[in-house]
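Student: So the sequence shown is numbered by this note's numbering: it starts at 2 and just counts up by one.
These aren't lab readings, by the way, just hints derived from the structure by calculation. Watch out, some of these pointers could steer you wrong.
[What the hints assert, rightly or not] Simulated pairs of lysine-lysine, DSS-like, Cα-Cα distance not exceeding 25 angstroms:
#: 1; residue 1: Lys158; residue 2: Lys173
#: 2; residue 1: Lys173; residue 2: Lys308
#: 3; residue 1: Lys285; residue 2: Lys266
#: 4; residue 1: Lys285; residue 2: Lys262
#: 5; residue 1: Lys218; residue 2: Lys267
#: 6; residue 1: Lys99; residue 2: Lys266
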Amino acid sequence: MDIRSELHKAQLFQNLELLANQIVEGFISGIHKSPFHGFSAEFAEHKIYNPGESTKHIDWKLYAKTDRLYTKRYEDETNLRCHMILDNSASMYYPEVKNLSIDNLNKIGFGVLSIAALMQILKKQRDAVGLSIYSDTYNFYSSEKNSERHFQMLYSKLNEVSETKSTSQTTKTYTFLHQIAEKIHRRSLIFLFSDMFQTETEEAKLFDALRHLKYNKHAVVLFHLLDEKHELGFEFENTPKRYVDVETGEHIDLYADNIKKAYSKKVKEYKESLQLKCAQYRIKYVGVDVRQNFSQVLNTFMIERQKFV
Numbered sequence: 002m003d004i005r006s007e008l009h010k011a012q013l014f015q016n017l018e019l020l021a022n023q024i025v026e027g028f029i030s031g032i033h034k035s036p037f038h039g040f041s042a043e044f045a046e047h048k049i050y051n052p053g054e055s056t057k058h059i060d061w062k063l064y065a066k067t068d069r070l071y072t073k074r075y076e077d078e079t080n081l082r083c084h085m086i087l088d089n090s091a092s093m094y095y096p097e098v099k100n101l102s103i104d105n106l107n108k109i110g111f112g113v114l115s116i117a118a119l120m121q122i123l124k125k126q127r128d129a130v131g132l133s134i135y136s137d138t139y140n141f142y143s144s145e146k147n148s149e150r151h152f153q154m155l156y157s158k159l160n161e162v163s164e165t166k167s168t169s170q171t172t173k174t175y176t177f178l179h180q181i182a183e184k185i186h187r188r189s190l191i192f193l194f195s196d197m198f199q200t201e202t203e204e205a206k207l208f209d210a211l212r213h214l215k216y217n218k219h220a221v222v223l224f225h226l227l228d229e230k231h232e233l234g235f236e237f238e239n240t241p242k243r244y245v246d247v248e249t250g251e252h253i254d255l256y257a258d259n260i261k262k263a264y265s266k267k268v269k270e271y272k273e274s275l276q277l278k279c280a281q282y283r284i285k286y287v288g289v290d291v292r293q294n295f296s297q298v299l300n301t302f303m304i305e306r307q308k309f310v
């Protein structure tokens with residue numbers, strides 16, 4: 002029996018840690034194209050050589066494989082603090098998926114598995130990981146630790162998220178981002194997984210909260226999760242359909258083609274505004290299509306980790 006094939010067919014979160022490890026191993030071995038192609042399992046124990054540095058610790062064997070200069074990083078250099086933030090609002094459960102699997106994900110499933118995969122890398126490096134989850138309330142917070150018991154507790158919490166659909170009516174993301182920023186006291190690398198859906202009147206508050214996350218010399222990466230086919234392109238059959246706001250319950254009946262152009266324009270403007278604000282606040286913005294694989298998330302993590310440490 003092909004165990005890998007069976008795992009891919011199984012419901013995702015029955016095998017969360019195992020699948021996360023499989024994704025990381027695939028990434029490291031070069032299944033996913035990345036700037037780190039050719040690295041061994043010790044890839045994160047190196048850093049890019051900067052001209053002017055001592056050549057004493059250059060890894061010449063790695064140079065022979067990659068044609069790039071890297072220096073070995075020792076244990077006291079590798080440890081960092083990383084905090085994951087997961088938006089668990091009702092809109093994150095789009096598209097509706099009955100049985101989440103690695104080949105059939107909605108936004109929350111993609112976010113959960115992305116965090117699980119990043120945790121696998123961080124655990125191998127003995128880095129400390131914390132987790133915050135919010136919906137209409139600040140559901141969960143755990144500070145950064147690196148014990149095995151702590152990691153298992155976080156995996157258990159991520160499993161709970163995937164098994165219980167959020168019933169929140171409204172989510173004021175900015176409120177919880179402010180609270181999270183106040184809790185993370187020491188310099189950390191922060192990853193936010195969210196679809197960033199807010200009402201227009203709250204955009205200014207949201208941007209202010211994103212800036213607050215940068216407080217205390219933190220580095221922040223926003224993974225903007227969307228089902229691009231539907232949420233950006235509004236690609237639906239042009240037949241009468243009822244479109245329901247999953248957070249408020251409000252609905253409207255219409256033909257998709259009647260509003261597609263106006264809708265797409267509005268969403269594009271919001272996305273560009275979000276990108277602009279992130280650039281202004283020196284927050285790394287990464288648009289992610291949840292119908293794609295995890296290489297973009299892992300590539301970004303590795304690049305930002307190199308910069309941060």
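Student: Which hint numbers does the structure go against, in order from smallest to largest?
Tutor: Violated: hints 2, 4, 5, 6.
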